[in-house]
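Chemist: Chain by chain, the residues run as shown.
Protein chains: 2
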Amino acid sequence: MTPTPARPMPEPSEPSGGQTNPLQDFDLAGFLPYRLAAAAARTSRAFADRYREEFGISIPEWRVLAHLHHAGPVSVRDIEARADMEKSKVSRAASRLERAGYISKAVNDTDKRLLELQLTESGRELMRQLLPVAIQFQAEMVERLGPAAERLDAALGVLLAPGPGGRKE
Amino acid sequence: MTPTPARPMPEPSEPSGGQTNPLQDFDLAGFLPYRLAAAAARTSRAFADRYREEFGISIPEWRVLAHLHHAGPVSVRDIEARADMEKSKVSRAASRLERAGYISKAVNDTDKRLLELQLTESGRELMRQLLPVAIQFQAEMVERLGPAAERLDAALGVLLAPGPGGRKE
DNA sequence: TTGACATTGTTGCACCTGCAATAAACCTTT
DNA sequence: AAAGGTTTATTGCAGGTGCAACAATGTCAA
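Those sequence lines, one after another, are chains A and B. Residue numbering for the first sequence follows the numbering used here, beginning at 1 and increasing consecutively. Residue numbering for the second sequence follows the numbering used here, beginning at 1 and increasing consecutively.
A few of these clues could be false.
Reference excerpt, derived from the structure (chain B facing chain A, CB under 10 Å, subset only) [what the hints assert, rightly or not]:
{"id": "1", "residue": "A41"}
{"id": "2", "residue": "Q138"}
{"id": "3", "residue": "E150"}
Cut-off 30 Å, straight-line C-alpha distance, at most; resulting in silico cross-link-like pairs (DSBU-like, lysine-lysine) [to be verified]:
{"id": "4", "chain 1": "A", "residue 1": "K105", "chain 2": "A", "residue 2": "K87"}
{"id": "5", "chain 1": "A", "residue 1": "K87", "chain 2": "A", "residue 2": "K112"}
{"id": "6", "chain 1": "B", "residue 1": "K87", "chain 2": "A", "residue 2": "K89"}
{"id": "7", "chain 1": "B", "residue 1": "K89", "chain 2": "A", "residue 2": "K87"}
{"id": "8", "chain 1": "A", "residue 1": "K89", "chain 2": "B", "residue 2": "K89"}
{"id": "9", "chain 1": "B", "residue 1": "K87", "chain 2": "B", "residue 2": "K105"}
{"id": "10", "chain 1": "A", "residue 1": "K105", "chain 2": "A", "residue 2": "K89"}
Computed from the model, here is a short list of chain B residues facing chain A with C-beta under 10 Å [what the hints assert, rightly or not]:
{"id": "11", "residue": "F26"}
{"id": "12", "residue": "P33"}
{"id": "13", "residue": "G101"}
{"id": "14", "residue": "L159"}
These are computed hints drawn from the structure, not numbers from a lab. Glycine included, each C-beta is placed from N, C-alpha and C at the ideal position.
Build the full structure now, drawing on both the sequences and the hints.
Modeler: Structure follows, in structure tokens:
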């Protein structure tokens, strides 16, 4: 396209003869946060495409279902912590799932502020269909990544560890 | 007394005496797509927190600015492809940036369907402040990851490669 | 040239999202 | 027990999002 980039303003404050300027050369395609976000978005979309049309649930709903399947009756706050979602997001996903008949809400006896979210039989049946899809998807992903799969997982472990970037101080 | 722990649904297709059922034991915390999405969300949020308050721009806007800085005058469709965003998202981010005075829109002479988005001087000045923040953030991220940084990048390369999960067939 | 089809960017729409405000329940101190 | 503060879940609101529809422009074969 443009042969000579013109160098419009030869900043006199740069006395060095360095040929590459990291500020000039900055490229989104090599920026780790961008790459991570783009890869995650693609992956989530590809996975969601597997179940959205057939089962009519969204990603937040999937996360709530998966955690309920794993953990039994739990509160909204518990899902908030374990499924990396804002509590309002959890609350709304839970309401949609309840409306659809997949989960039930009950108040905790010993602490009436807490809810006890729980899969209904219909919800368990849904999970019997959803989990194989998820496991299959992960298997394909691991196969595609090859030996990089474990390394990716290890790196994600670092990024997900508490500390810098943790939800709340 | 049979010490068998109930085994609620003895799937007849599983003749083995395996003690763990991957469907029962499924845990979101070990699910690669979830881990990837959560790590990306944390990272993006942490990065956005660095510039949102001070500069008032969002992630889509940052991406548009970064690509314009790197590539010069380009169309919406070009950003759509290179910054992994829906064209409507690009269009709206560009409108906000134009309103804020950071970029200019012009119609391409040879193809009047195309726009030529371009940084204004104000936009270039903004990038002179933003890029060091981005470079610093990435440096901290790489330091935190240690040797896992390169491996993460390689794995992301696999996931971002065209093919399965590519935007459009 | 014309007419059919493709591409580009914007917008209407329904929905989702994060944040702050809120009500209800709980806890602690007096 | 009452007051003041904390925790939990929900909701109002302003704005963002994806998708489909659309108008404008371009392409190409007949």
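Chemist: So, for every hint listed, does it hold in this structure?
Modeler: Verification of the supplied hints:
Interface hint at A41 (chain B): satisfied, since its Cβ lies 7 Å from the closest Cβ of chain A, which is below the 10 Å cut-off. The interface hint given for Q138 (chain B) is met, as the beta carbon of that residue sits about 5 Å from the closest beta carbon of chain A, less than 10 Å. Restraint check, E150 (chain B) versus chain A: the minimum CB separation of about 9 Å is within 10 Å; hint holds. As the CA atoms of K105 (chain A) and K87 (chain A) are separated by approximately 15 Å, the hinted pair is consistent with the 30 Å bound.
Of the supplied pair hints, the one linking K87 (chain A) and K112 (chain A) holds, its CA atoms being roughly 17 Å apart against a limit of 30 Å. Pair hint K87 (chain B) plus K89 (chain A) holds up; C-alpha atoms about 26 Å apart against a cutoff of 30 Å. Pair hint K89 (chain B) plus K87 (chain A) holds up; C-alpha atoms about 26 Å apart against a cutoff of 30 Å. For the suggested pair K89 (chain A) and K89 (chain B), the alpha carbons sit about 22 Å apart, so the restraint of at most 30 Å is met.
The hinted pair formed by K87 (chain B) and K105 (chain B) meets the criterion: a straight-line CA distance of about 15 Å does not exceed 30 Å. Our distance criterion of 30 Å between C-alpha atoms is met by K105 (chain A) and K89 (chain A), whose separation comes to about 16 Å. Because the closest C-beta pair between F26 (chain B) and chain A is about 5 Å apart, less than 10 Å, the hint holds. Checking P33 (chain B) against chain A by beta carbon gives a least distance of about 5 Å; that is within 10 Å, so the hint holds.
A least Cβ separation of about 19 Å between G101 (chain B) and chain A goes past the 10 Å threshold, and the interface hint is therefore violated. Evaluation of the L159 (chain B) hint against chain A yields a held restraint, the C-beta minimum of about 4 Å falling below 10 Å.
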